[in-house]
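Residue numbers (the working numbering), protein chains in the order written: chain Z, 52 to 461; chain R, 52 to 461.
These are calculated hints, taken from the structure and not from any lab test. Don't take every hint at face value.
Same chains, same names: a pair is fine if it fits in one copy or spans any two.
Below are the DSS-like pairs computed for lysine-lysine, each with C-alpha atoms no more than 25 angstroms apart in a straight line [stated by the list, open to error]:
hint, residue 1, residue 2
1, Lys424, Lys435
2, Lys218, Lys311
3, Lys404, Lys140
4, Lys140, Lys435
5, Lys106, Lys435
6, Lys323, Lys82
7, Lys218, Lys140
Number of protein chains: 2
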Amino acid sequence: MMEWIEGGVCAAEGFKAAGVEVGIKAGHEGKKDMAMIFSDADCVAAGTFTGNLVKAAPVKWDKRIVTESESVRAVLVNSGVANACTGEKGLKDCEQLAGKLTEVAGITRDEVLICSTGVIGATLPVEIMKSGIEQLVLKLENSKEAAQTAAQAIMTTDTVDKQAAVKFELNGKEVHIGGMCKGSGMIHINMCTMLGFITTDAAISKEMLQDALSETIPDTFNMVSVDGDTSTNDTVLLMANGLAGNPAIIEKNEDYLTFKKALREVCESLSKKIASDGEGATKLFEVKVIHAATKQDAVTLSKSIVTSSLTKAMVFGNDANSGRILCAMGYSGVIFDPEQVDVYIESEKGRLKIVENGMYADYSEEEATEILKTEAVTCIADVKMGMESATAWGCDLTYDYVKINADYRS
Amino acid sequence: MMEWIEGGVCAAEGFKAAGVEVGIKAGHEGKKDMAMIFSDADCVAAGTFTGNLVKAAPVKWDKRIVTESESVRAVLVNSGVANACTGEKGLKDCEQLAGKLTEVAGITRDEVLICSTGVIGATLPVEIMKSGIEQLVLKLENSKEAAQTAAQAIMTTDTVDKQAAVKFELNGKEVHIGGMCKGSGMIHINMCTMLGFITTDAAISKEMLQDALSETIPDTFNMVSVDGDTSTNDTVLLMANGLAGNPAIIEKNEDYLTFKKALREVCESLSKKIASDGEGATKLFEVKVIHAATKQDAVTLSKSIVTSSLTKAMVFGNDANSGRILCAMGYSGVIFDPEQVDVYIESEKGRLKIVENGMYADYSEEEATEILKTEAVTCIADVKMGMESATAWGCDLTYDYVKINADYRS
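In isolation and in its complexed conformation, chain Z is listed as follows:
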């Protein structure tokens, strides 16, 4: 059985972290802007990267390392400058940073992963960052404080640092998976990349590690509402150093499924933290589409509802303007029968059917408002077309900027 624990990227044995401020973010004094994750033991690494045709230099760098390197030891992250749309120089800068880490930490250049987030088009202040690397190496520590410092250093417009960690057993051995991420939902994601870093002491082959990550991302990080935008830098990295001493996972056996289940919990927890941190968001907005004809239909419909300004405004306004949900489904491009759809809203306060067979269900507006007046609201759309389902996460729109939508019926 799985247990939630503290420690983020330092929860797993043998992983150290650190965060420092070197001044990459002009005019943001007091904000840390460089972080490092370091493993005492060799790691196998897996990664998933942005689908944006325009890929930042660090994304190109990491793709090569993850594909070609047998072992990885460190991840270097900076916030403030994205090192995207920087051409050849961008890649040379990655090389220089990795080279510096080679000098001070005694690892090889091909064992270094690099991530950047911030302004697109600007180039990295490499010299400043080299001194930052020296400071980081001296600060490296395996502690929850160190993990938090690192989690803070990767923030851009995030209002809170985002971490999650679990422990569970594989063949009697205690195994840990911990992670941190950054990125705010909604508008923010346009400018601030979503970055996720997950560490584990599980013993697992590189191939199985990549499969576990690739099979988990579509239902977790990829289901966070981002207004359809994908940054040039989006990256999720997963490193496993094997120090838990469990029999290495080299095939899709029961241990693999146990590991993947724990990994999914960590990724889902981090994803929800990103969704809840949308600009000025007051609540987490979860959308479940059930009985869709295909998985893709379920994904498209749930994302269409969760990213619609008008459903978000409805959630913020605690106003069950049910037609808006059907409207968002209708323009998603998915084929379904609007006159068959049932829609429910749900929260700790209860559950209510607000649309029945495509029409306004006769419900109590008071009850609906009660249900919506909570910090986490779920909308369930039953399209009665098949057996597939999907869940997407977003947040509400705050008063200042959707005044008119939220107030429309008052």
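Using the hints, position chain R against chain Z.
Below, chain R without anything else, positioned relative to chain Z:
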């Protein structure tokens, strides 16, 4: 040669209009909520309707009338209630309203077009609206004042009424095309439908009229930024009563092209008015994509740039954060070579290349800011892939709600 004139939907001979307040918008006293356009002579009608799978009752009604009726005389519009997701009752209500107009105006039910905009899910207050129809018929007038009253009565969250009209010659006869529309860009469009009404005294066959409209919409109304949202009620109606006395246009001859050119001017002018009226928008944001491989690529790329929160924020912040434009192009799904793209910004203040072959061009930030500090900004992206181009219209994002994006580099 074509000349801009006043008069909106009353610019064309034989068209009367009116607007009244009957109290459909609860809590919005003083706001007109019903409008009518009436033609003294029989009209042929053309229409384009929402692509949303969920279609409002009036959309279903109008589709039938436009397809089946040889002649149309009146358009009845209400704001406040959309009559969408109202099932059979919604259509019966349309029938009743048309029936009332039959009584008081002596036209047949199949000569009445109906449009609604407002809250989805609610049903129309039919009895109140019947009295509204009586008032409207008494107020009908061919004057620019009457046209404006009608234009005001169809507004929901719009901040200004939107009209345009031109006159031109066909075979020595003076012909007029005038129109009005409602709908605000961005978030608003989620809840307030885009409605467009265009009248002309040109003599033209129903088939040619529909072709002219269908060929014009994709480059005009459909290129207004709506965050990918399509309302359940979106409708554009075009009526021609032939009173100009020009030789009827029954084939795609030179007169047809002249008529279509004038129609396009009116539609484009109305489209820009919708774009500029986005929530709190301070400027019109025009995006031209040139040298795309296909027309669809050009359309997709220009819409991706114009709807991207980060490019909109850039325009608002007068901050030429050029990488954001490449980022928005990159996630559009269109295949192009990011390292070949040039990007320019242009306004009455001048023109500046800010991206050259996919990289930050060495330009003066001061000059860029000067160019962006205007009420209408154009962004041109040259993808160097082919010969197709497209233009999309949107607006900037206002300070309150994209503070962080706009301020990011300061």
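Now for the hints, and whether the structure bears them out:
1. Lys424 to Lys435: neither (28 angstroms within a copy, 51 angstroms between copies)
2. Lys218 to Lys311: within (13 angstroms within a copy, 69 angstroms between copies)
3. Lys404 to Lys140: Between copies only: 21 angstroms across chains, 56 angstroms inside a chain, cut-off 25 angstroms.
4. Lys140 to Lys435: Between copies, since 23 angstroms is at most 25 angstroms while 53 angstroms is not.
5. Lys106 to Lys435: Intra 39 angstroms, inter 19 angstroms, cutoff 25 angstroms: inter-copy only.
6. Lys323 to Lys82: within (24 angstroms within a copy, 42 angstroms between copies)
7. Lys218 to Lys140: This pair counts as neither: shortest intra-copy Cα distance 42 angstroms, inter-copy 57 angstroms.
Hints 1, 7 from the list above are not met by this structure, while the remaining hints are.
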